[in-house]
Amino acid sequence: MSTPHANAMNGNVYATEGGAALYGMMAEFDTPADLTHAAEKVRDAGYADWDVYSPFPVHGMDDAMGNPPTKLPLVVAAIGLSGAGLGMLLQWWVTSVDYRIVVQGKPYDAWQPWVPVLFEIGVLFTAFTALLGMLAFNKLPMWHHPLMKKERFLKVSDDRFVIAIEAADPKFDPQKTRDLLAAAGGKHIELVEE
Amino acid sequence: MSQAVASNRYDPFAPNPAWTKIKPADASFPGAAGLSTGLIGLGVACIAVVAAVALGMVKLSGSESGLKYALFSYHVGFAVALGMSLGSLGVVMILNAFAAGWSTTLRRQFENAAAMLPVVLALFLPVLAAALLAPGKMFKWMDAAAVAGEPLAEHKAPYLNINFWILRAAIFFAIWLFLSWRMVGLSRAQDESGDRRITSRLRAMSCWGLPLFALSLTFAGFDWFKGLDYKWFSTMFGVYYFAGNTLLALALIIVTLALLRRAGRLQGLVTEDHFHDLGKLLFSFTVFWAYVAFSQYFLIWYANIPEETAWYQHRMQGGWQVLGALMIVGHFIGPFLILLFRAVKRSPTLLALVAVWQFLMCSADLFYVIRPMAYPDSSGLEHVWLDVLGWLGPVLVLLGFFARRVASNPLVPLKDPRLHEAMAHKNYV
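Chains A and B, in that order, are what the protein sequence lines are.
When you line the first sequence up against the working numbering, it's residues 1 to 194, in that order.
When you line the second sequence up against the working numbering, it's residues 1 to 429, in that order.
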């Protein structure tokens with residue numbers, strides 16, 4: 001038996017009828033529009049630990065969920081520019097300090113040949129940071145997720161839309177959360193085991 | 001039954017609900033006409049002073065002939081005016097060719113600028129007159145006596161001769177005037193009729209018009225700006241010229257739309273999301289310009305062939321190197337870093353300020369191409385006031401006629417079938 005997780009706010013430990021620790025509660029929706037409107041209601045109810053699941057990106061979902069703007073561009077810019085700077089530094093050190101070779105009669109410290117490499121290294125660092133940063137911010141790769149155990153959840157990769165609210169959320173309450181999801185138009189509202 | 005069949009049939013005049021959402025007050029700005037006369041008057045006055053210098057009525061201090069300096073100064077202004085208008089024609093055709101929906105409410109201003117090509121033709125007449133009446137003052141190869149016996153001049157003579165040069169100019173303007181007349185005219189006709197087939201026709205025309213546009217723009221760049229130095233070689237120049245022109249057009253339209261919004265127009269028609277995308281375009285063409293400009297320089301620097309490097313060598317001394325450094329820092333690095341910020345692109349005021357800056361930088365870029373040719377040796381800048389007037393004259397005349405056109409036409413295509421896409425346009429990232 002897995003260890004039950006206590007709710008951070010009220011200290012309650014929620015469990016299913018079978019006695020398994022609770023991950024949270026999920027509700028299904030038929031269309032992206034339903035999902036968006038339901039997300040607005042969950043956002044306005046003040047929940048923090050929850051997410052929506054959809055077969056494809058839904059425009060406007062960030063606003064509907066109240067997500068803050070992503071920090072990824074700042075990280076990408078910082079590392080991309082650092083990478084470009086390091087590329088410049090390496091070329092300067094190699095070609096005009098450490099191992100000087102006359103190439104085509106050009107000066108040792110000519111900056112012109114450094115520019116294509118500066119550009120490429122900048123793009124390389126930027127692209128890798130964007131990809132790896134996106135994965136890191138999304139906590140990916142994720143080898144296991146409690147929702148995956150739900151047969152009905154698997155349809156989210158086809159034609160179903162799901163909101164799942166975690167039991168760890170300070171505002172989580174088995175009855176109130178169920179009422180909220182029902183009022184938001186959710187169907188097949190179920191508890192999800194840890 | 002027959003009713004159902006009839007409604008399934010393609011109706012080119014089917015109304016779009018978005019059309020009725022446009023409030024007349026948002027889509028017209030007759031007040032812009034007030035600017036027009038003032039701008040044209042000021043521009044003509046500037047040109048008059050430059051003409052007076054050209055004709056010797058005003059003597060320049062310390063130089064034998066004002067004609068050459070006046071012609072070169074005016075040529076920069078002509079280049080900027082042409083760039084704004086021609087660049088806009090290109091943008092209109094690209095938007096039509098890609099069936100762009102988001103930009104429907106922006107397209108009219110690009111069309112207005114593209115409709116300025118007849119004004120540009122009028123502004124070209126002094127350049128033509130100078131070529132006929134004073135050959136060799138600007139384009140050295142036009143003076144047969146001066147280039148007699150020069151191998152490169154003789155080698156290029158089948159292309160660089162004055163008759164062919166005039167014929168080409170006629171072909172360029174014929175292509176541009178025809179394309180802008182159809183692009184702008186059909187779009188205006190759709191305002192009245194709401195005929196969807198016009199959108200398809202514009203798309204088809206853009207698809208065959210763009211190759212013609214690309215070739216004519218490239219060779220116009222060769223003829224009028226690169227050809228100032230007949231000894232130079234650069235296959236990159238056409239792309240470089242295109243990048244600058246498109247930046248000029250984007251800058252003009254961003255400022256125009258920001259001013260119209262400031263005057264309380266285009267509410268709900270041109271939103272922060274449109275400025276965001278215009279900002280992305282400004283950013284991308286800033287990067288594109290830098291990429292092409294550096295590529296042109298880099299290949300010439302690496303190959304180190306004298307007839308190519310002379311052009312840059314000339315611009316690396318006598319003060320021109322300051323302008324070259326300004327191009328790197330002010331035309332690329334500064335705007336690149338500023339336009340990275342989302343907030344700048346989404347603010348009409350901030351984006352318009354960056355656009356004004358890029359407009360000045362594009363002008364300086366054309367100045368960098370054109371003006372050093374007035375000095376055979378590497379002597380520095382003289383007669384700055386004349387350069388400012390020569391630049392302002394054609395630019396103000398064009399802006400004056402542009403303001404008149406903005407005032408006398410609906411600010412957006414009123415019955416475009418894709419209007420609803422533009423009105424609902426959102427940037428989610």
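Worth double-checking, as some hints may not be accurate.
What follows is a list of derived Cβ distance ranges for each label pair [said to hold, decoys possible]:
1. A:S82 / B:G185: 51 to 57 Å
2. A:V13 / B:Y428: 36 to 42 Å
3. A:S82 / B:W19: 30 to 36 Å
4. A:Y99 / B:Y302: 55 to 61 Å
5. A:P57 / B:L340: 50 to 56 Å
6. A:P141 / B:A303: 24 to 30 Å
7. A:S82 / B:A145: 43 to 49 Å
8. B:F164 / A:P69: 54 to 60 Å
9. A:W93 / B:A129: 53 to 59 Å
Derived lysine-lysine pairs resembling DSBU-like cross-links, with alpha carbons at most 35 Å apart [said to hold, decoys possible]:
10. B:K156 / A:K41
11. A:K106 / B:K426
12. B:K68 / B:K156
13. A:K139 / B:K280
14. B:K59 / B:K280
15. A:K150 / A:K171
16. B:K59 / A:K71
Keep in mind the hints are simulated off the structure, nothing from the lab.
For every residue, glycine included, the Cβ atom is placed at its ideal position computed from N, Cα and C.
Each hint tested on the structure:
{"no.": "1", "hint": "A:S82 / B:G185: 51 to 57 Å", "result": "53 Å, holds"}
{"no.": "2", "hint": "A:V13 / B:Y428: 36 to 42 Å", "result": "39 Å, holds"}
{"no.": "3", "hint": "A:S82 / B:W19: 30 to 36 Å", "result": "51 Å, violated"}
{"no.": "4", "hint": "A:Y99 / B:Y302: 55 to 61 Å", "result": "20 Å, violated"}
{"no.": "5", "hint": "A:P57 / B:L340: 50 to 56 Å", "result": "23 Å, violated"}
{"no.": "6", "hint": "A:P141 / B:A303: 24 to 30 Å", "result": "48 Å, violated"}
{"no.": "7", "hint": "A:S82 / B:A145: 43 to 49 Å", "result": "59 Å, violated"}
{"no.": "8", "hint": "B:F164 / A:P69: 54 to 60 Å", "result": "57 Å, holds"}
{"no.": "9", "hint": "A:W93 / B:A129: 53 to 59 Å", "result": "58 Å, holds"}
{"no.": "10", "hint": "B:K156 / A:K41", "result": "73 Å, violated"}
{"no.": "11", "hint": "A:K106 / B:K426", "result": "51 Å, violated"}
{"no.": "12", "hint": "B:K68 / B:K156", "result": "23 Å, holds"}
{"no.": "13", "hint": "A:K139 / B:K280", "result": "30 Å, holds"}
{"no.": "14", "hint": "B:K59 / B:K280", "result": "47 Å, violated"}
{"no.": "15", "hint": "A:K150 / A:K171", "result": "23 Å, holds"}
{"no.": "16", "hint": "B:K59 / A:K71", "result": "61 Å, violated"}
When the structure is compared with the earlier hints, violations turn up for hints 3, 4, 5, 6, 7, 10, 11, 14, 16 and for no others.
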